[in-house]
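**Q** For this one, chain V is given, so just place chain W on it according to the hints.
Here are the chains, one letter per residue:
Number of protein chains: 2
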Amino acid sequence: MSKGDETRDAILTEATSVASKVGLTGMSIGQLAAHTGMSKSGLYAHFASKEALQIEILRHTRERFVDRVVRPALQSPRGLNRLRTLFESWLAWSEAFEDGGCLFVAASSELDDQPGPVRDALVRDERDWLELIVTIAATAVSEGEFRSDVDVEQIAYELHAIMLNHQHTSRLMQDPRALERARRAFDSIVERALTT
Amino acid sequence: MSKGDETRDAILTEATSVASKVGLTGMSIGQLAAHTGMSKSGLYAHFASKEALQIEILRHTRERFVDRVVRPALQSPRGLNRLRTLFESWLAWSEAFEDGGCLFVAASSELDDQPGPVRDALVRDERDWLELIVTIAATAVSEGEFRSDVDVEQIAYELHAIMLNHQHTSRLMQDPRALERARRAFDSIVERALTT
Numbered sequence: 001m002s003k004g005d006e007t008r009d010a011i012l013t014e015a016t017s018v019a020s021k022v023g024l025t026g027m028s029i030g031q032l033a034a035h036t037g038m039s040k041s042g043l044y045a046h047f048a049s050k051e052a053l054q055i056e057i058l059r060h061t062r063e064r065f066v067d068r069v070v071r072p073a074l075q076s077p078r079g080l081n082r083l084r085t086l087f088e089s090w091l092a093w094s095e096a097f098e099d100g101g102c103l104f105v106a107a108s109s110e111l112d113d114q115p116g117p118v119r120d121a122l123v124r125d126e127r128d129w130l131e132l133i134v135t136i137a138a139t140a141v142s143e144g145e146f147r148s149d150v151d152v153e154q155i156a157y158e159l160h161a162i163m164l165n166h167q168h169t170s171r172l173m174q175d176p177r178a179l180e181r182a183r184r185a186f187d188s189i190v191e192r193a194l195t196t
Numbered sequence: 001m002s003k004g005d006e007t008r009d010a011i012l013t014e015a016t017s018v019a020s021k022v023g024l025t026g027m028s029i030g031q032l033a034a035h036t037g038m039s040k041s042g043l044y045a046h047f048a049s050k051e052a053l054q055i056e057i058l059r060h061t062r063e064r065f066v067d068r069v070v071r072p073a074l075q076s077p078r079g080l081n082r083l084r085t086l087f088e089s090w091l092a093w094s095e096a097f098e099d100g101g102c103l104f105v106a107a108s109s110e111l112d113d114q115p116g117p118v119r120d121a122l123v124r125d126e127r128d129w130l131e132l133i134v135t136i137a138a139t140a141v142s143e144g145e146f147r148s149d150v151d152v153e154q155i156a157y158e159l160h161a162i163m164l165n166h167q168h169t170s171r172l173m174q175d176p177r178a179l180e181r182a183r184r185a186f187d188s189i190v191e192r193a194l195t196t
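Residue numbers (my numbering), protein chains in the order written: chain V, 1 to 196; chain W, 1 to 196.
Don't read these hints as lab results, they were simulated from the structure.
Note that this is a predicted model, so its numbers are computed, not measured.
Worth double-checking, as some hints may not be accurate.
Copies of the same chain are indistinguishable here, so a pair counts whether it falls within one copy or spans any two.
To be verified - In silico DSS-like pairs for lysine-lysine, Cα to Cα no more than 30 Å straight-line: (1) Lys50 x Lys40; (2) Lys21 x Lys40; (3) Lys21 x Lys50; (4) Lys3 x Lys40.
Only chain V is shown next, with the shape it has when bound in the complex (with noise of 0.2 Å):
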């Protein structure tokens, strides 16, 4: 890496974890600047606008998840073990965000109602996850582990749905039963769909 892409890189990481507390659109140039130790001007020199910024951080974060979620899953064996491995995976990367949670979770609600560049950039990471979950929860069905009527889908409707009820569970109302319950959602997800 050259001295540039270091600061970059360095920028970037600060810039999410304070995204990830105030949120994308929360996040200020100031405070970022406050946050680096850089002045505004310095950040502009990297990051053409604000909207560049937020971008780039979904891209660098995008990056840690396929390492720290993806990555793990995909090395695991085919069927039901590489969805548990997948559903754990990300369990660990929403508690290792310890001051603000899960980027894409805080982005989803907060960028929802907002067109634009950056909303389209969610859109689309969202979409690969729900269709990597879907991929995954279909090799349970050609391993012969779930049914081959099961609606792979729906399956991952609903692991999606407990991934975003552990980060309210777990931040907001500080349930210290919540990885508990989510594994027990996961597993009933499961047991519908086991073959016999």
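**A** What follows is chain W alone, placed relative to chain V:
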């Protein structure tokens, strides 16, 4: 209503609409002044601070929520019927916010990392809401429709998950099958709880 109360109520209605689009913290007093055609100092005559206004927006939304979601459920027969009415009223409530979606959903994700009196008020509201779902699910147990060993708190957790995800599926992803998916998820949560 006195003239002052009417003005205050009109401001709250407008403020709630703005907040459901840009968020409770995203909303500025200047923006609200532009929307209502009032001066900033005119607004501060009705609400001592932005924080006081945010808490009043939650209270205002809660009143409408009780009217539109809680009351219809409590007026329908105890048991599964009441639980279904609650769920359907919530779906209708969520669809009714043409511009901004359910304010409680947006605020939950926005405020989960922002300690203070606004977050505290929201947590109280959400606790009441979850307890209401638990209480209504329990009427299906006492009416003999749900098995006596079902965990009604887990049912409330899973129903709440579907509600959060409905907002995501319909508003962010604009999935035309969002309502159908939400209802199928509701049905399978119920099915697992039924006395066969």
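**Q** Give a verdict on every hint.
**A** Results for each hint:
no.: 1; hint: Lys50 x Lys40; result: both (11 Å within a copy, 27 Å between copies)
no.: 2; hint: Lys21 x Lys40; result: both (20 Å within a copy, 28 Å between copies)
no.: 3; hint: Lys21 x Lys50; result: both (17 Å within a copy, 19 Å between copies)
no.: 4; hint: Lys3 x Lys40; result: within (19 Å within a copy, 47 Å between copies)
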